[in-house]
Amino acid sequence: MAHHIDGNPITIVVGIVIIALLAGMDGSGFSGLPLVGALSAGIGGAAGLDVAVLASIGQVATIFAGGGTLAAWAFGVAADAGIAGVKPADLVRQNFIPVMAGLFVATIIAILLI
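Residues in the sequence shown are numbered consecutively from 33, following the working numbering.
Since the hints were derived computationally from the structure, they do not count as laboratory data.
In this text, a Cβ means the ideal position worked out from N, Cα and C, and glycines have one as well.
One should not assume that every hint holds.
Beta-carbon label-pair distances, calculated as ranges [as the list claims (entries may be wrong)]: (1) G117 to A84: 39 to 47 angstroms; (2) N40 to A70: 17 to 25 angstroms; (3) I42 to G117: 38 to 46 angstroms.
With these hints in hand, go ahead and build the complete structure from the sequences.
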């Protein structure tokens with residue numbers, strides 16, 4: 033990954049967020065946490081960045097994507113949609129903009145903290 037993401041802190045944070053979103057799309061949201069943590073330690077440590085901030089934004093993105101907000105097949109979405117009486121796909125559609133806005137703001141804050 034280090035060959036594809038250069039040493040610029042902005043591209044490293046955005047790259048970790050994209051990888052975390054992809055890892056979280058399995059539906060659980062927690063299976064991508066070790067991957068994101070290891071990538072953050074490897075890439076962030078080599079670039080001299082704060083690994084804790086980098087791992088935190090990656091883990092938040094992983095959980096946002098798969099832990100019940102952006103993956104319609106996730107258990108959290110299915111359970112919440114069943115309680116609310118709506119379709120899981122409709123719930124994900126309604127959550128997409130607020131979740132992505134929150135993730136965008138969190139990414140900007142992570143860039144500033146790093």
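Return holds or violated for the Cβ distance of I42 and G117 against the range 38 to 46 angstroms. Since the Cβ atoms of I42 and G117 sit about 42 angstroms apart, the hinted range of 38 to 46 angstroms holds.
When you take the CB atoms of N40 and A70, is the distance between them in 17 to 25 angstroms? Because 21 angstroms falls inside the window, the suggested range holds.
Satisfaction of the hinted span 39 to 47 angstroms by the C-beta atoms belonging to G117 and A84: 41 angstroms Cβ-Cβ, so the 39 to 47 angstroms window holds.
Going through the hint list in order, the structure satisfies each hint without exception.
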